[in-house]
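Peer 1: Sequence:
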Amino acid sequence: MKISFSWLLGVAVWASCVLGVSDGLGQTSEPPESVEPPLQITSDGANRYEGGIYYAENNVNVTYGGDVLLADQVHFNPTTKEATAKGNVRLYKLGQIYRGDLLTYNFRTKTILSEKFRFLDGKMMMEGQSISTPEIGNYQIDGGHYTTDNREKPGWNVKATSVSLYPDDKTVVENSVGYFGDVPFFWFPYLVQYQRDTHSSVDVSVGTVSRLGIYALGSYRFALSDKLKGEMDVDYYSRRGWAGGAALSYVTPGKGTDHPTTQVGLRGWYINDRGYQIYDGTDERPDAAAPPRGRYWFPYSHNTTILKGGNPVDPDRTPAFDDPSLSSRSRINVLSDAYVTQDFFADDYILDQQPNTYLDAMYQDPNFTVTANARTQINNLFQTQQQKPSAKIEFKRQFIPGTYGVDPNTGKQTDPDGNPGLAYEGESSVSYLGTQWNQVANQTDYTAIRYDTYHQLLYPRQYFNWLNFTPRAGIRGTVYTRNNLAPGNVTQNTQTNAVGNSLGNGVVLSDTSLFRYVFNVGADLSTKVHASWSDVKNQAWAIDGLRHVMEPFVHFSYVPRPNVRPTEFAGYDTRVNSVEATPLNSSLYNSVDSIDQLLVVRPGVMNRVWTRRDGQPYELANWKLYGDYQ
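When you number the sequence shown by our numbering, it's gap-free, plus one each residue, and the end is 621.
FYI, nobody ran anything at the bench for these hints, they're computed from the structure. Note that beta-carbon positions come from the ideal geometry of N, C-alpha and C, so glycine has one too. Treat the hints loosely; a few may be bogus.
[What the hints assert, rightly or not] List of simulated lysine-lysine pairs, BS3-like, C-alpha gap at most 30 Å:
1) 72 - 220
2) 528 - 107
3) 615 - 519
4) 77 - 150
5) 84 - 150
6) 615 - 528
7) 72 - 107
[As the list claims (entries may be wrong)] Pair ranges (Cβ atoms, derived):
8) 618 - 510: 24 to 32 Å
9) 438 - 520: 33 to 41 Å
10) 587 - 452: 26 to 34 Å
11) 384 - 232: 15 to 23 Å
12) 291 - 510: 41 to 49 Å
Construct all of the structure, not just a fragment, from the sequences and the given hints.
Peer 2: Right, dumping it as structure tokens:
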């Protein structure tokens, strides 16, 4: 059981930032006449100008200063820049969407007056009985509901009798209740949250867990500047004792390619654990890996986007295909033992059960990607495949000139069937790799330099205007400076070798180099069919029409037996069981050392169900059915 005050604080911070940004609702100063933004009013009905007021009806569009107002009817005062809108009102401003039936809005001062409105910003939605501006710099929302569940009847929401917004200052929430469905689960009579964390705040969580006992976690957060934030932590566990720590975070917002986005986080935490021998689970912890009484965790993280064409660290940012991107990320983990995050930081443990130390850099181009990686373990706690370092260049699929017709005037292909010709994709890498065993393994660490290159040709074609067929053939060559075999020419897969002898840390490994080559051929067949039902409506699930897209496919892959099989040398990449399908295209298979002979046919079908939300396609569900025959 856990009760946390931070969730409602997050809602209040969001509301303050959304409705109170300095160039949003809180801006009250009028710009000079010389820089007055242009005004545009269009409609499908009759427009007229009477008594200094514009009147427009039927699909009215008012654009001024980056704000767009849409409604059935609009009365606009060009002197005060105030508009009154009626019927199907939509206001788009600063990436946010407002919806209602009646609205009075001032494009210049950003003051607003409305009844029964809905508001959308990213994934956060708000609905209220009314919103008004009783005075400059103060916005009042009565009967407000907040949620991120994008449905007519959300699964969770927070309801507040009154929310007072003071832009650039604070948000005051009165009489707020959190609901799961129709069931209330917390209540706060009064809450104040300062905007942008420019003031200090306190977060207290209490609860109970069997391995920790009753606990109370306290955090004091404060701002040293707009970009630099700090935190002090004091924790108590009835079965473990007192703990404490501190954290710093530094964030610079991206404003373009000349202003990179940087995120830096540093944290330290320590406990004199009087219950260090307590743990959940049935598996005993080895004596060599038993936690000490003094336990600590010092994580450091750093993410930087230098060119903003794309950012592999942030999955929500989709890179523009024509724009290059350059980014890097790093993480350092110093731990007292292998179980400290499992015992005290459950959320972090779920995401990363074996924290390691790494540095990654990536440059993405429309035609290729270059990556550089370094990876190791500061503490000898987990088995790690070290990269010290490695570099790789990947050539994205691109069509070979001369294999398809091109119009010299337009530069476009002239093939009437739209088939682009022969395509190439490949990759090459050089890596200094090492296997670092954990502290309980009685095995010898080993290293080698690996040179790997892969090249593949494809011939994508479409037949009968509906059948897609892509045959492919490729070759991979890999050179290892050492095969690292133990005595008896066996690999170190367990704590004992194939003949039962213990492999101690003093065993001498073979330094014989080897060259390994692998061929592959395959083919992909697919088509696509769909059916639409425009009359299907459901408010509870926010369904506005349905389209079912079905994509039957057949994948085939054949890899002959390589000259050196994975069991005949000590490799570094291993296959990991996963619920995801194993890639059959060798260009997507990144476990280089575990590639072995393969013959597989994979028939299946991919299904997607789409609807419309806010006039845009929205995927409701997708599922894939397939089977491997090998």
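Peer 1: None of the hints should be skipped; say for each whether it holds.
Peer 2: Going down the list of hints, with the structure as the test:
1. 72 - 220: Violated, at about 39 Å.
2. 528 - 107: The hint holds at about 23 Å.
3. 615 - 519: 14 Å, holds
4. 77 - 150: Judged against 30 Å, a Cα distance of about 26 Å means the pair holds.
5. 84 - 150: 24 Å, holds
6. 615 - 528: Since the Cα atoms of residue 615 and residue 528 sit roughly 25 Å apart, the hinted pair holds (cutoff 30 Å).
7. 72 - 107: 23 Å, holds
8. 618 - 510: 24 to 32 Å: Between residue 618 and residue 510, where Cβ atoms are some 25 Å apart, the hint holds.
9. 438 - 520: 33 to 41 Å: Violated, at about 53 Å.
10. 587 - 452: 26 to 34 Å: 30 Å, holds
11. 384 - 232: 15 to 23 Å: 52 Å, violated
12. 291 - 510: 41 to 49 Å: 44 Å, holds
Consistency with the previously given hints fails for numbers 1, 9 and 11, ordered from lowest to highest.
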